[in-house]
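Enquirer: Sequence:
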Amino acid sequence: MEDMASTKQKKLSEEMHARSEKLVDRFLDAIWMERGLSANTLGAYRADLMTLERGLAERNVAIEKAEKADLLEFIAQRVESGAKPRSTARQLSSFRRFFRYIMREGMRDSDPTADIEMPRIGRSLPKSLTESQVDALLHAPNTDEPLGHRDRAMLELLYATGLRVSELINLTLSQVNFNQGVIRIVGKGDRERLIPLGEDSQRWLRDFIDGPRMEILLERQTDYMFPTRRGDRMTRQAFWHIIKRYAEKAGIGKKLSPHSLRHAFATHLLNRGADLRVVQLLLGHSDLSTTQIYTHVARERLKDLHSSHHPRG
Numbered sequence: 001m002e003d004m005a006s007t008k009q010k011k012l013s014e015e016m017h018a019r020s021e022k023l024v025d026r027f028l029d030a031i032w033m034e035r036g037l038s039a040n041t042l043g044a045y046r047a048d049l050m051t052l053e054r055g056l057a058e059r060n061v062a063i064e065k066a067e068k069a070d071l072l073e074f075i076a077q078r079v080e081s082g083a084k085p086r087s088t089a090r091q092l093s094s095f096r097r098f099f100r101y102i103m104r105e106g107m108r109d110s111d112p113t114a115d116i117e118m119p120r121i122g123r124s125l126p127k128s129l130t131e132s133q134v135d136a137l138l139h140a141p142n143t144d145e146p147l148g149h150r151d152r153a154m155l156e157l158l159y160a161t162g163l164r165v166s167e168l169i170n171l172t173l174s175q176v177n178f179n180q181g182v183i184r185i186v187g188k189g190d191r192e193r194l195i196p197l198g199e200d201s202q203r204w205l206r207d208f209i210d211g212p213r214m215e216i217l218l219e220r221q222t223d224y225m226f227p228t229r230r231g232d233r234m235t236r237q238a239f240w241h242i243i244k245r246y247a248e249k250a251g252i253g254k255k256l257s258p259h260s261l262r263h264a265f266a267t268h269l270l271n272r273g274a275d276l277r278v279v280q281l282l283l284g285h286s287d288l289s290t291t292q293i294y295t296h297v298a299r300e301r302l303k304d305l306h307s308s309h310h311p312r313g
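Just so we're aligned: 224 in my numbering is position 224 of the sequence shown, and the numbers increase by one with no gaps anywhere.
Incorrect hints may have been included.
Below are the DSBU-like pairs computed for lysine-lysine, each with C-alpha atoms no more than 30 Å apart in a straight line [as the list claims (entries may be wrong)]: (1) K84 with K65; (2) K68 with K22; (3) K254 with K244; (4) K22 with K84; (5) K244 with K255; (6) K65 with K22; (7) K244 with K84; (8) K84 with K68; (9) K84 with K254; (10) K255 with K84.
What follows is a set of in silico ranges between Cβ atoms, one per label pair, in the way DEER data are often shown [to be verified]: (11) R272 with G43: 34 to 42 Å; (12) I102 with E73: 29 to 37 Å; (13) I102 with K255: 35 to 43 Å; (14) A39 with I102: 21 to 29 Å; (15) R245 with R86: 25 to 33 Å.
Honestly, the hints are just simulated from the structure, not real lab data.
The model shown is predicted, which means the values in this text are computed figures rather than measured ones.
Where is the CB? At the ideal position from N, CA and C, for every residue including glycine.
All chains, please: the whole structure from these sequences, using the hints.
Expert: Okay, structure coming up:
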């Protein structure tokens, strides 16, 4: 009898999981059509919701039936296991959007997240590299080797344009216009922007395309600008390891992320007097407040310079 009951419970759990997964996929399809979100953003939503689904399933609660108490218990367990406020806030935002969707679809009458407060998180400033640190990083690859030349071209392009890493690794040959000196990027929400290349990055790109790129590909064909030695598109993780390796070689002590050169691009432009709205357009931010965080970085840098060099600093 116990085996039969266990088998029946297992079957019910599997059916509940399948229903929940199908509902999550419907939600993702809906927000993709509404907002044109990127694959990375949709993947983050899915990960958050399926983590919740697994947590609720342990208490035999289907995700669409969850109440406020269920969510608070889930969040409390996450916090106890060491989840950071920013991670918890992102998850709660995903849950809120999901429950509002199933309310619109008539699957429930209330939103269990409505009265749950977001965790308080301070908005951290990006760690910006100095211009000399960027220069050291750019000179770290061994450009006598095809892969080193590729890496130098990637770093030069990233610093010259402020691309997101996802935009860099997905860049294709057809997006680059050397005649006009620009690249065409379709970013978040399918917003298109044209970004000037600058002389140095153009030179490194041209040199890479004309020689080392063909050496990497051999007889293989791909439209991706920066292929791996297997001729594939580079992953975000692989590029993160590239940044980390060259940062160590350049003697940069601070911990870098793949976005460090994007941060440096914005901060250095503002330090040299660029208009905030121009930087917003170049970065592809839809909201100026997102770009304004870099003005704080620039302001902190000016304070440091003043205190270091002014006689009464």
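Enquirer: Against this structure, judge whether each hint is valid.
Expert: Here is what the structure says about each hint:
{"no.": "1", "hint": "K84 with K65", "result": "holds, 26 Å"}
{"no.": "2", "hint": "K68 with K22", "result": "holds, 22 Å"}
{"no.": "3", "hint": "K254 with K244", "result": "holds, 10 Å"}
{"no.": "4", "hint": "K22 with K84", "result": "holds, 29 Å"}
{"no.": "5", "hint": "K244 with K255", "result": "holds, 8 Å"}
{"no.": "6", "hint": "K65 with K22", "result": "holds, 15 Å"}
{"no.": "7", "hint": "K244 with K84", "result": "holds, 24 Å"}
{"no.": "8", "hint": "K84 with K68", "result": "holds, 21 Å"}
{"no.": "9", "hint": "K84 with K254", "result": "holds, 21 Å"}
{"no.": "10", "hint": "K255 with K84", "result": "holds, 19 Å"}
{"no.": "11", "hint": "R272 with G43: 34 to 42 Å", "result": "holds, 36 Å"}
{"no.": "12", "hint": "I102 with E73: 29 to 37 Å", "result": "violated, 20 Å"}
{"no.": "13", "hint": "I102 with K255: 35 to 43 Å", "result": "holds, 40 Å"}
{"no.": "14", "hint": "A39 with I102: 21 to 29 Å", "result": "holds, 23 Å"}
{"no.": "15", "hint": "R245 with R86: 25 to 33 Å", "result": "holds, 27 Å"}
Consistency with the previously given hints fails for number 12 only.
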